[in-house]
Amino acid sequence: NAGVTQTPKFQVLKTGQSMTLQCAQDMNHEYMSWYRQDPGMGLRLIHYSVGAGITDQGEVPNGYNVSRSTTEDFPLRLLSAAPSQTSVYFCASSYEGVTEAFFGQGTRLTVV
Amino acid sequence: GQSLEQPSEVTAVEGAIVQINCTYQTSGFYGLSWYQQHDGGAPTFLSYNGLDGLEETGRFSSFLSRSDSYGYLLLQELQMKDSASYFCAVSNQAGTALIFGKGTTLSVSS
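Residue numbers (my numbering), protein chains in the order written: chain A, 1 to 112; chain B, 1001 to 1110.
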């Protein structure tokens, strides 16, 4: 009964380093999204996908890349981390784009 | 684009009723959703209104008026465990992902 699994839970990066945040879901959902959450800013949409091989940009896509090679996995890549990317990142999946979204437990990323 | 407005903070006492309002501007509308998030936790789904009117789920109800671009979440018989952030959300223009408001922090005191 895993739902949406994100790894790692915590990460500290140095400015300029790259890393991939992993997200996997076992509910066979076609729709998956990445959000970042900063104090007072709510959840802001970074990138989303409507199925394997299909991705699109959200509200704040700069500095992030995504790909969707399988239905289950939707990794988020930071190519060159910046302190402005310090945030909590949530991955979500849903059966449709407008219905109930299931969230992972989040990745708390600090860029120093 | 899509935008949502909701109050930043609401306070109430145990046993009371509180209403959290949400107004939105959208290009294409597929419904209004509400999510709850406790400190340090992940958002969890509370309710969805696709049509005008009231949806009730236990102590929580949600209302939508599409003509007014307005909805609210009503929490009754408040408990300490209801202290959390509450987010309203609409879909993006294509109906393929959710856009969230900035959230309302509810503090329930005894």
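For the record, the hints were derived by calculation from the structure and aren't laboratory data. Here the structure is a predicted model, which means the values were calculated and not measured. Treat the hints loosely; a few may be bogus.
[Stated by the list, open to error] EDC-like, lysine to aspartate or glutamate: derived pairs with alpha carbons at most 20 Å apart:
#	chain 1	residue 1	chain 2	residue 2
1	B	K1102	B	E1005
2	B	K1102	A	E30
3	A	K9	B	D1039
4	B	K1102	B	E1014
5	B	K1081	A	E72
6	A	K9	A	E59
7	B	K1102	A	E72
8	B	K1102	B	E1077
[Stated by the list, open to error] Pulled a few chain A residues facing chain B out of the computed Cβ check, cut under 8 Å:
#	residue
9	P8
10	F10
11	L45
12	P83
13	Y95
14	G104
[To be verified] Simulated restraints, written as ranges between beta carbons of each label pair:
#	chain 1	residue 1	chain 2	residue 2	range
15	B	Q1025	A	T5	28 to 38 Å
16	A	G16	B	E1055	41 to 51 Å
17	B	I1017	A	V12	21 to 31 Å
Note that the Cβ used here is the ideal one computed from N, Cα and C, for glycine as well.
Please name the hints from earlier in the document that this structure breaks, with their numbers sorted from lowest to highest. 2, 4, 5, 6, 7, 8, 9, 10, 12, 13, 17
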